[in-house]
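Throw the hints in and build the complete structure from the sequences for me.
Here is how the chains run, residue by residue.
There are 2 protein chains.
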Amino acid sequence: MGQIPRFLSWRNMLVLSLAVNFSLILKILKGDKERGDSWPDRTAYSSIWPVISTTASGSSLLSSASCNYTKIEEDDDRIINLRLGDPTVYERYWQEMGEVTTLVIPGWQSLSYFSDHNNLCWFLEPELGKEIVRVHKVVGNAVTQDRFIVVGTGSTQLYQAALYALSPHDDSGPINVVSAAPYYCSYPLITDCLKSCLYRWGGDAKAYKEEGPYIELVTSPNNPDGLLREPVVNSSKGILIHDLAYYWPQYTPITSAADHDVMLFTASKSTGHAGMRIGWALVKDRETARKMTEYIELNTIGVSKDSQLRVAKVLKVVSDSCGNETAKSFFDHSYDAMYERWKLLKQAAKNTKRFTVPDFSAQHCSFFGKVFESQPAFAWFKCEEGIVDCEKFLREEKKILTKSGKHFGDDQSFVRISMLDRDSNFNIFLRRVSASSNSTL
Amino acid sequence: MGQIPRFLSWRNMLVLSLAVNFSLILKILKGDKERGDSWPDRTAYSSIWPVISTTASGSSLLSSASCNYTKIEEDDDRIINLRLGDPTVYERYWQEMGEVTTLVIPGWQSLSYFSDHNNLCWFLEPELGKEIVRVHKVVGNAVTQDRFIVVGTGSTQLYQAALYALSPHDDSGPINVVSAAPYYCSYPLITDCLKSCLYRWGGDAKAYKEEGPYIELVTSPNNPDGLLREPVVNSSKGILIHDLAYYWPQYTPITSAADHDVMLFTASKSTGHAGMRIGWALVKDRETARKMTEYIELNTIGVSKDSQLRVAKVLKVVSDSCGNETAKSFFDHSYDAMYERWKLLKQAAKNTKRFTVPDFSAQHCSFFGKVFESQPAFAWFKCEEGIVDCEKFLREEKKILTKSGKHFGDDQSFVRISMLDRDSNFNIFLRRVSASSNSTL
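Line by line, the protein sequences give chains A and B. Counting from 1, position 212 in the first sequence corresponds to residue 212 in the UniProt record's numbering; the numbering is continuous, with no gaps. Counting from 1, position 247 in the second sequence corresponds to residue 247 in the UniProt record's numbering; the numbering is continuous, with no gaps.
No lab work stands behind these hints: they were computed from the structure. Treat the numbers as computed from the prediction; the structure is a model and nothing was measured.
You can't tell identical chains apart in this list, so a pair holds if it fits in one copy or across any two.
Computed list of lysine-lysine pairs in DSS-like fashion (alpha-carbon distance at most 27 Å, straight line):
#1 K406 <-> K206
#2 K237 <-> K195
#3 K209 <-> K195
#4 K403 <-> K353
#5 K291 <-> K406
#6 K291 <-> K403
#7 K392 <-> K291
#8 K195 <-> K291
This is the structure we're talking about:
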């Protein structure tokens, strides 16, 4: 250690050298920006027709937008799968955000089952709990004060946890679980898959006439049709579960902070990180939260710590971005993307008259401070011109895979179409449904 | 850009400057090493009495072993919880391995639900699938050829997926699920928690006399008693699920590559990463694998991608370590840790005669190429001297929390005790059960 002057240690030299690096990096970035050849221009994200394609997932390098109409022509034979709400539309934003949401996890993390011995939900990572409260406060879409947070492997697991917690465990037989049609197509399948004697699928809430206790699922905005929902059975014996997966400002105006007994949210649809499989429930009643926790303990002994930490980091960046007055926030970006897609889809519907999509009334959004119409994650798409089976028509004539209305307790003339796929797929979908019906594509 | 000579761009200068950083970092690290205050000495892991304490989880800094007998004395009033098999014994190894298992995950990863469209188990990360096959080949504990891999949120979810897949879905009523006592205490709870009409807990397989189809769980080595198991009902109508969570060479000699219809494994007990919640099933029959996949799709729409990628990296390091002839492998380390603990526990049992633990016959292990006795993840601990309720005795007299034998379909004179906790807790446990019974601690 003694071969440099005593007043200048190797550590001092390292600090000096790092400072030189930093200034050089800034200089280079500035130079690149002046030439416009490095960091993708964020304004490019503002969509024009056709919507600009994202890069494929799996690449760690950002590349500038490269999709154009010629590229789309080459994809004519490709089957476009819009059956699921795979939220890959968000990939570009997170790619452009670069390193700020990168998580470094050492190999010795995530050994213990436990995240917080003092929390009723002992497998909730404290950092995630903190960021969930913060993002709801920033957005103003849900009350978190005096609520228990239960984390789940996606909101799907939390739905089952809520059924377990809210069903009577005596011998009174299965409680009916209902939701107004069109309802989320997985509800009946999940509810009945194990033929539980605790609960069973009871069908369309609008047709529900039975006496006694029941559970009503209120999905608002609704999957598949994007409409805002209230309970419809309205009996004093009803137990409510509110699925608020889509109650975020990129999809719908935030009109008030939701304040219900059991509210379900998910990273999949709020920030687009479906592959992390993280959802959370805000629960008023301690015993309900305890039983939901018990279900998740029995079902999977907790929830991936790694993904919880990642969602915590992503939510932090989302909340931080909302307080940044010099740049567009995550919700600004995602609102713009959804706005552009819905504008194009509505225009195509108007031009061709071969299909319709729902109309939404405009409302004031407390988050954005402006009035707008809902622009949901799914299009509830109705084939016109006498087409009875819309799913079959789109699959056979347009090579577009969608989910038939029959799975949602509705008519086959409807299909649910994901509005959250990558730009390239959305563009092809839009072009195909805009083309004349006798087109061979 | 033009204020430095043309032959030397800002980028060239950055490269030069980074090189200076690198050499400075190396110099500083070398200096630290010479002073002996940085990297913990790996030989410190070789256990002496008392077993050396690990650092607490949650810290990102490695510190040298600091536990000594005086430290333990200070912890006399502490309640020691050994009810669960929280595998924190492995923390030290992964801390000592440093950066090799560190995973860097960019924020734009894990957006899509899908991992591999071409795989029957579409949410299995291909890299994890590859490393699962490799580690089983390296260890020789299971046949993977012509097997389907289904990944789950821990093997707990896979157990339920197997029940869903193997139960008849007609109206023949619930199939009985049995396992020889003492059986894993969570099996009855998980099986019956939703009062499914597909399956129900049928109790101790040794007492099972009913006709018709049934499912038998074979846990080998067994949780809680560590014994090797075969099916006991042995009817042609039996459907078998093999839970091989503990069939790894740190716990038991590997005598052959297991070759059963449905085999369950988990990262929690193989590498110690319980908080990742990753398990996998090796399944012979395509339709069974398809239905298991279907269950996980309904239950949680797949499995955390982040944790799958982490387990893939950890398994890779484990397999690599087995081929490294100059250093101890992961299994060498973990075998030594378990050997030391069992040696001390058996010695304490012999000295005090106040409790007993099972005897295991020695067998040849094809992985280590030597003969040894099982050294399980749990001690099936029997209180002697007329103590009827061993769990109560240890809780009230020794401040040690354990799981009573009654939860495992056995006698209250038994308890299950985790052998996988951190060294400091194991040391306190050992000291307390070795102390005279009228000690007030």
